[in-house]
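Required output: the full structure, derived from the provided sequences and hints.
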Amino acid sequence: MSLSNLASTLSSFINTDIQTAMPIMLAATGMVFSERAGLVNIGIEGVMLMGAFTGVAASFLLGSAWLSLLVVIIIGGILGLFFTFLVETARADQVVIGMAFNLLGLGLTTMLNRALFGMNTAPPKIESFTPLHIPVLSDLPFIGTAFFQHSSLTYIAFVLIPLVGFIVFKTNAGLNLRAVGEHPRAADTVGINVIKVRYIAGMVSCMFGAVGGAYLSMSQLNFFTENMTAGRGFIALAAVIFGKWSPWGVLGAALLFGAGNAVSYLIQASNSQIPGQLVLMVPYVLTLAALAGFVGRAVGPAASGKPYIKE
Amino acid sequence: MKRAKKWFSMVALLLIVALLAVGCGSSSTGGTSQDTGVKKLKVALLLPGPINDNGWDAVAYKGLKQAETELGVETAYRENVSASDMETAFRSFAQQKYDVIIGHGFQFGDAAKAVAKDFPNTKFVITSSNISQAPNLASMNVLSHQVGYLGGVYAALATKTKKIAFIGGQEIPPILDGAKGFAEGAKSVDPSVEVMSANTGSFDDVAKAKETAKAFIAKGADVVLGDANQAGLGVIDAAKGAGVYAIGYGDDQSNVAPETVIASGLQIYPVAITVMVKTIQDGKFEPKFYPMGIKEGAVGIALNKGLLSKLPAGIEEKINQVVDDFKSGKLTVGIPQ
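Protein chains in written order, with my numbering: chain E, 440 to 750; chain U, 15 to 351.
Derived from the structure by calculation, the hints contain no laboratory data.
Take these hints with a grain of salt, some might be off.
[What the hints assert, rightly or not] When the alpha-carbon atoms are kept at most 30 Å apart in a straight line, the in silico DSBU-like pairs for lysine-lysine are as follows:
#1 U/K341 - U/K201
#2 U/K344 - E/K564
#3 E/K564 - U/K76
#4 U/K254 - E/K564
#5 U/K319 - E/K564
#6 U/K254 - U/K292
[Said to hold, decoys possible] Quick partial rundown of chain E residues pointing at chain U, CB under 7 Å, derived from the structure:
#7 R553
#8 A554
#9 L655
#10 T664
#11 E665
#12 Q707
#13 A708
#14 N710
#15 S711
Note that the Cβ used here is the ideal one computed from N, Cα and C, for glycine as well.
Structure (structure tokens):
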């Protein structure tokens, strides 16, 4: 393989890696908030799916990608409100409610998709986030393909990483958030409103999750299909643990999983003799190996998954 | 507080049950029964996925509706039938005295075999399979091999880079047959064409199908065919983004991307199902394997006429010749012996 050939392969590899990592990274970044506050939302898959559908439906009805992103964020917030209400105020089991959200997401999006777009037709044309063309940068050889041919949503997502890191680890609000997840009673005694913090964290995390789903249907693709998230929410859950509940860790985990996928696409495209089933395992094996070998013990927030009951 | 909690759990539970019923297992009964004195044939269809997937399940549903209007039978269907529900689904339709129950996909075979013994008066038909069991279980297959073959011929005729690619979904017999036919078809036109192929392992993961197609396009493929039910839309999207051509699969998909989809390999399940139901209606049912190919009118190719001018001259005549050769029996590729 010649040098320029290698470089072009590498640049499209990085492009694919980023594309694949983005929905997972967005959802997982949001979950840094909720998990840090002691909420375990395994229903994020369902939230992503609802976000994916909401984005397409809103864009179809409103004719604007940015406006539909706003709708996605609002719907995400409502879902988060609903989730936190059920697990904190009504004190239902978090795993059960999470599972219910997954079923709700699949059922509701399937039904609404058919109601809105009908049966057996081509997906409708919608306004979506197309790759931005940045003067000079996008035209750079190799580097342009790898880093500067993404949609605006991708760049926003990257900016969010340090922002979330700052909020969670460097601000008072972040300290409160972490206190609530580690020891809610202690947090309560020093005057932190535990329930309020959890409500906010739950809503923010679902907003991120919904946007992650919308990334899939409006940036990586530009249509909705039933169950299109195909398990990405669960990978995002793993990414949070893998990333040790920090946005930078989450970024690394998502990019690693994306890289695993990109490798498997490359191997398949090279018409190698490696059996396809093995190739499809690559991203998962890579994630497992990294989790077992390099990350070390991951200890989550102590009050994870338990509703706070005031005496 | 405690009362409120109870209420919320109740409401939540009800909501979930309702949504499950809507999303995962809707069944409906169509066809009005008029009192004509003649007993109408009752036909039920079990589908592994949703009826609006633009592919595998949609075409079968269309077939059921066609049988209903053309042959005047009474129909019902159930979608998203998972492996664990198959036996129950067969049994419940059989108990409701359905005359014919069609399981759409080879994966329904084992369940049908088990249930068929208990209901000798009901005819069971499994699609994309070749099993049979006396006296009441038959199978039919719209020959995916031939669909792939036509797609391969057309792709090889249209390619400029002499590289074409096939992206399949799960690694199951009809997909593998399609891939095999695709390669054979392409090689029959030009042995020097490089045929690349991969399976994504999923019929849901559209994004994965798209990224896989992009990898092939980066390798130089300029005609790609996606054979992955609804995930196939991702392959078309990848081709559209890269400015290369795609070939649809299952149904005519040229409306998905009129500037990208040059043709679609058709599995004309409406024809296959109608032929099958007619056979049973006429009392000619046998517990055997019924191949449904180009000759039976169940396989074909729909050309996107709008793009013909951009493709090599004479391509339409060439593909029509191949179809005619199958119809006359000169070509018999993909018909199991």
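Going through the hints against the structure:
no. : hint            : in the structure
1   : U/K341 - U/K201 : holds (21 Å)
2   : U/K344 - E/K564 : violated (43 Å)
3   : E/K564 - U/K76  : holds (24 Å)
4   : U/K254 - E/K564 : holds (13 Å)
5   : U/K319 - E/K564 : holds (22 Å)
6   : U/K254 - U/K292 : violated (41 Å)
7   : R553            : holds (6 Å)
8   : A554            : violated (10 Å)
9   : L655            : holds (6 Å)
10  : T664            : holds (5 Å)
11  : E665            : holds (6 Å)
12  : Q707            : holds (4 Å)
13  : A708            : holds (4 Å)
14  : N710            : holds (5 Å)
15  : S711            : violated (10 Å)
Hint compliance for this structure: hints 2, 6, 8 and 15 are broken, all remaining hints hold.
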